[in-house]
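For reference, the chains in residue letters:
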Amino acid sequence: MNAIEMKAVSVCYRSEKIRSIKELAVRGLRRSRPYFYSLRSVTLAIGAGESVGIIGSNGAGKSTLLRVAAGIIQPSEGVAVSRGNIVPLMELGTGFETELSGRENIQFNGALLGRTRAQMRAKMDAIIAFSGLEEFADAPLRTYSTGMVARLAFSIATAVDAETILLDEILAVGDAGFRERCDERIQSFARGGRTVVLVSHDLDAVLKLCRRTIWLSHGEIVGDGESEDVIRDYQRHRADQG
Amino acid sequence: MIVQHQERHYVAGASLRAADEIQDLAGHANLLFELVHRDLTIRYKRSVFGFLWTMMHPLLLMAIFTIVFSHLFRFQTPHYETYFLSAFIAWNFFAQTVTNSMASVAWNGPLMKRVRVPRSIFTLSAILSGMVNLVLSMVALIVIMLIVHAPLFLSLLFVPVSLLIVGIFTFGISLALTALSVFFADVREMVQAGLPALLYMTPVIYPVSIVPAPYRWIVERNPLSYLIEIVRAPIYYGQLPGPHALAAAVILSVISLVGGWLIFRKFAPKFEGRV
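First to last, the sequence lines map onto chains A and B. Numbering-wise, numbering that gives the first Met the number 0 puts 166 at position 167 of the first sequence, and it's gapless, one number per residue. Numbering-wise, numbering that gives the first Met the number 0 puts 178 at position 179 of the second sequence, and it's gapless, one number per residue.
The shape of chain A in the complex, shown without the other chains (with noise of 0.2 Å):
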């Protein structure tokens, strides 16, 4: 069984939006071309349980293929398959309010999930406690720190059940405590028999947490396969590229 699955999933944007009625007028409603892919003809299987990792220089398709694995973005073609329920954990601050507490906010957030209060009561020690924001759980977000804000995010994104967790770029904040700990709590998850899927730059990290890496180059999978034959080949052909 896949957790994800991708048939010829493209991504694409159109050239010059319309945002407002007059350049409506000028240009008409023809169509514009699309000029940009984000992703191009990307087609995958992640099968439940496994770690994947995803690599490839900025602008490369990562954040998208997550996006369509999530159900945020809709193909612009092909299609896409999601099993069980997935949690994404995307940048900074995922839906987080200033104006509210910690723990409001891990009530919110929960709700964003789908999840129900009491199920999010019952966590909500245990997100407090791994976040190690015990001070700070009634006071508002806004007087949070970025580091203090991601370490929240990645305990409310990693305690709610998730079978399948997709990982933005998260790692890179928080300190080496928390860094360590995070680690520990994806190889867990993995071990859970949880499906892992990590967006990185780090790739000791990839290496070390993912025994499967999917390299993309322009909207499209260059690299798949074994963690360090992939990540060799990517280094490689940076190292080409000067």
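A portion of the hints provided could be inaccurate.
Pairs of lysine-lysine, DSS-like flavour, derived with a Cα cap of 30 Å [claimed, not checked]: (1) A:K207 <-> B:K265; (2) B:K112 <-> A:K122; (3) A:K6 <-> A:K207; (4) B:K112 <-> A:K6; (5) B:K112 <-> B:K265.
Just so you know, these hints were derived from the structure itself, not from any lab.
We have chain A already, so just place chain B on it with the hints.
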């Protein structure tokens, strides 16, 4: 570990189906609750009077309009404050909700880029928050009616039905305008400019009788006039709305809901790239 029923298919070009969206909204009932809670509390979190502002805003306007129109312009309308407020509360709900739902999608754009939530949830939460404010305003109105010794009629019991019809009408309009405003920034400006004009084309502040005959059709044929009428009749006139006005209001709200949804579903799958 994998639960079969949670399989989701994302197909290029597929448009939203109403049944799927309703199921999706039901699965996010808690989020709806949280969004409404957030709307109602955060806005006033740092203000001294907090929630009271919800009631003070229409009250201040009422004071202004009552002074201006019943004393300066001298309408021969008994209990003008009830006449005005019974309609203005419904109008205010409509105008505020349409504005808020457009703002809500713009505000929550970052959320939509990070988690998958039903696209219409922000519009629906704006409606529900508006409904809560509407009910509070109704309570304030009844208190005012008691203070000024305006008659309280048994027909007041019909008001919840009227408000529900107005709510459905507003939901449809909000869905359409929200979807359009994501793609065309002008829509928001047009609505902002158009709402005050629409207020004066609707018999909220003045009675229809003062409108000169050649222009009266504008006021009488205005869809909002029917919706205002079904709210005002049971509060101010102490009668159930006439069958003609009631039928018109129900038909208009159904057209609004269906039309609004059709426009919304066309644009909603592409929201992510635009907000």
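Here's how the hints hold up against the structure:
no., hint, verdict
1, A:K207 <-> B:K265, "violated (44 Å)"
2, B:K112 <-> A:K122, "holds (25 Å)"
3, A:K6 <-> A:K207, "holds (28 Å)"
4, B:K112 <-> A:K6, "holds (22 Å)"
5, B:K112 <-> B:K265, "holds (19 Å)"
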